[in-house]
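Line by line, the protein sequences give chains A and B. Just so you know, we're using numbering that gives the first Met the number 0 here: the first sequence kicks off at 0 and counts up by one. Just so you know, we're using numbering that gives the first Met the number 0 here: the second sequence kicks off at 0 and counts up by one.
Don't read these hints as lab results, they were simulated from the structure. Please read all numbers here as calculations on a predicted model, not as lab measurements. Hints are not guaranteed to be accurate.
Since the list gives no way to pick one copy over another, a pair counts as held whenever it fits inside one copy or between any two copies.
[Stated by the list, open to error] Below, a list of computed lysine-lysine pairs in the DSS-like style, where the Cα atoms sit at most 25 Å apart: (1) K49 <-> K171; (2) K288 <-> K419; (3) K204 <-> K171; (4) K101 <-> K287; (5) K419 <-> K171; (6) K251 <-> K69; (7) K49 <-> K382; (8) K419 <-> K375; (9) K204 <-> K287; (10) K306 <-> K257; (11) K257 <-> K204; (12) K69 <-> K306; (13) K288 <-> K49; (14) K251 <-> K171; (15) K101 <-> K69; (16) K171 <-> K278; (17) K375 <-> K306.
2 protein chains.
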Amino acid sequence: MRTLVSELPGVVGSTVTLSGWVHRIRDLGGVSFVVLRDRSGMGQLVFDAKPDVTVESVIEVHGSVAANEKAPGGVEVRVQSMRVVSPAALDLPFPVNQDPGKTSLESILDNRMIALRNPSILSIFRLQSTILRCFAEYLRGLDFTEIKTSKLIGTGTEGGTGLFSVDYFDTKVYLTQSPQIYKQTMIAAGLERVFEIGPAYRAEKHDTPRHINEFISLDVEMAFIESEQDLMDLETGILAAIFAGVRASNQKDLDAWKATVPDPELCARIPRVSHDEAKEIVSKETGKKVYEISPEGERALCDWAMKTAGVEAVFVFAYPRKSRPFYTYPAENNRTKSFDLLFRGLEVTSGSMRINRYDMLMENLQAFDLNPEGLKDYLSIFKYGCPPHGGFAIGMERLTQKILGLASVKEATLFPRDRKRTRP
Amino acid sequence: MRTLVSELPGVVGSTVTLSGWVHRIRDLGGVSFVVLRDRSGMGQLVFDAKPDVTVESVIEVHGSVAANEKAPGGVEVRVQSMRVVSPAALDLPFPVNQDPGKTSLESILDNRMIALRNPSILSIFRLQSTILRCFAEYLRGLDFTEIKTSKLIGTGTEGGTGLFSVDYFDTKVYLTQSPQIYKQTMIAAGLERVFEIGPAYRAEKHDTPRHINEFISLDVEMAFIESEQDLMDLETGILAAIFAGVRASNQKDLDAWKATVPDPELCARIPRVSHDEAKEIVSKETGKKVYEISPEGERALCDWAMKTAGVEAVFVFAYPRKSRPFYTYPAENNRTKSFDLLFRGLEVTSGSMRINRYDMLMENLQAFDLNPEGLKDYLSIFKYGCPPHGGFAIGMERLTQKILGLASVKEATLFPRDRKRTRP
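Okay, chain A solo, but in the shape it has when bound (with noise of 0.2 Å):
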């Protein structure tokens, strides 16, 4: 029976047998220690002679719990016996054992199946792992179903721009940048709330530490609304769900990066301004005239929302017509029931009430110079019964990225997808 790294403070005394990785060799001579890292953590192994093995081996030791202040976690295992269950070669690619910190971006990416050992790049995903848990944890308490649509689609829903092309038999298709047209049938076709977690695909050719060209989007659609800010409220919920999932969860792997989540009870003093407002609250904090919202002006605003309501977030709604898409719901002055959430300087959310009257959303694709042809499977929700709704979609590695504080979003991705980079 296998004992994990973290069971060993409550069975001192007793004779264990462990299973994991050689973080670290340390050959005092007459005595050798061993850190064995597991899924649990890690912990210390002594032994009389230095054992015959290599970092990142996985190995079996039987041996004794023995109380010891020095060692991490207070105990250590006096190993009796040592199996190398699979050895590892000494040409490591990757500082395994080391700080990342002084590794280049480059360097983790390029050697990404062993850079992931390293335990700080390995704690961020399991506070993903988290941020997917609650998600959907929380929308389904508000009995929202969870959908899984196509990733593939015949046309797409805002033109043939900024997508990738598959070669699907003998026609094209391309992968989809979000799932739009799916999760607005789901809440006409009576689920009323839904949510889905999947890949969305950007064909677009930025290459900054906030684009990736294939990300995993957390959707949200709900009909029966009011207006956007029932969006507003709903998402400041499922972000106080996640903040507090991670404090409960994850406090290992913040410690790893030196962060903090915000107070999930903050949520609610999140600012809520209009585009305009955020203009002007930019233009005050930078000194500088501004036109539009730049990566600057986004982190400004942030730093605002900290001052004035000691949350690093600020919800920025009411955006103009011609920067939202053609389904977004129109509101005065040509703006729009649009929103963004800003959150440590970046945009990990957009969102908005979604035109659901027929006759607007024809006039609207006139608007913006839209072919309805290539939209009737779309145009039909429209024209048989659709409640007022909307929805919004959180970029599952930005967040990621934000909470844990990481220069990069390629840094919060598994494998990253982006212009030159296909592997591993």
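Since the structure of chain A is already known, use the hints to place chain B on it.
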């Protein structure tokens, strides 16, 4: 404040606001009955005169809740006022309020956006949402971490056949057939136990009720196992959790298809037979000499399991080496440490213990005539210490299909993609 139809029995005597879709209108002269559909179910509205509204329109009504033994659920709402929120055109392309058994699969899928409103059809996807929940919850309870890996790869693990190619900037990539290499990477990176829910692609020309070209793969990988028996134990637990969850949450959805799930208690009795034994059983049951287990043979095996163990499922293990991928752990007599799960006559899972030794893997590549050059990233996992491990994948749509007894797996797919179908 909106009341849901399902809440009506608890508020007899009060005045409520309901919102939803007009499912059916029955005009009896002096009085009209309207069936209102919302996400919670269906309820009866009573109007003094024929309401000016079409089937599938979204309405909001105010009225008083009265007990009526003859009404569905024992209550009805006597409507005082109605507002048409979103009118439906009269040329409904699909009979939403009729038994979908009378409609062809082609028509259901061609008119998918509207066909999904049919309560029986929609119920398939409520149940599917429970499968997703129970799969994840059960595994999280056993310390599994959820991962999200790229669906775009530079080269196929098993060569380029059966892959869809994607134009990716100036190069070509492929849609993944499975997250195989990535889930193995993550168990070796130290997570030990991972699961992934994501799309998988097969560019196969099959056009049968069992095949789709894009499906959701419920993937599991687990380290420090002794043999493939541990994996069958794990899947048994997953199935029992899913069946119990469906029984608790989806009785109405099961009823819509006159379906039942196996007793979760019986899952532990699912027979495990070797591939050779399975062929003998099929021979005996069908009276025919058997060389390979055909779809007919799979049905015969499940019938046999029902007779002998009271459960319509069977694990078949020890498949011949030539019929399994190169990474499958070999066993005696040219067999492998692999297994399939057949459920109600259909393969819904394929799994195996994997080779975790670098030298054995290199030998196997040669035996399979595969080039190690294209698998460099994959091979590095094993070069630097990899514990014994294995895993499997459950086809979400096939499991849904078989739980509900649907004729085609396409019925269990929201927006199926087959050789000819790329819309809606």
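For K288 and K49, with the copy left unspecified, which applies at a CA distance of at most 25 Å: within, between, both, or neither? neither (67 Å within a copy, 61 Å between copies)
25 Å Cα cut-off: does K419 pair with K375 within a copy, between copies, both or neither? Between. Shortest inter-copy distance 18 Å satisfies the 25 Å Cα cut-off; intra-copy 36 Å does not.
Intra- versus inter-copy proximity for K171 and K251 (alpha-carbon distance at most 25 Å): neither (47 Å within a copy, 40 Å between copies)
Between the shortest in-copy and the shortest cross-copy C-alpha distance, which are at most 25 Å for K288 and K419: within, between, both, or neither? Neither, since 36 Å and 54 Å both go past 25 Å.
Could you place K375 and K306 in one of the four classes (within, between, both, neither) given a Cα distance threshold of 25 Å? neither (48 Å within a copy, 50 Å between copies)
Alpha-carbon proximity context of K419 and K171, limit 25 Å: Cα proximity of K419 and K171: in one copy and across copies (23 Å, 12 Å).
Within, between, both or neither: how does the pair K69, K306 come out at a Cα-Cα threshold of 25 Å? Neither: 43 Å inside a chain and 62 Å across chains, both beyond 25 Å.
Could you figure out if K204 and K287 sit no more than 25 Å apart (CA to CA) within one copy, between two copies, both or neither? neither (29 Å within a copy, 60 Å between copies)
Up to 25 Å between alpha-carbons, please classify K49 paired with K171: within, between, both or neither. neither (61 Å within a copy, 49 Å between copies)
At most 25 Å between C-alpha atoms: does K49 with K382 qualify within a copy, between copies, both, or neither? between (76 Å within a copy, 22 Å between copies)
Please work out whether the CA atoms of K306 and K257 approach to 25 Å or closer within one copy, between two copies, in both situations, or in neither? Within. Shortest intra-copy distance 21 Å satisfies the 25 Å Cα cut-off; inter-copy 59 Å does not.
Is it within a copy, between copies, both, or neither that the alpha carbon of K171 lies no farther than 25 Å from that of K278? neither (42 Å within a copy, 42 Å between copies)
In this structure, the hints that do not hold are numbers 1, 2, 4, 9, 11, 12, 13, 14, 15, 16, 17, in rising order.
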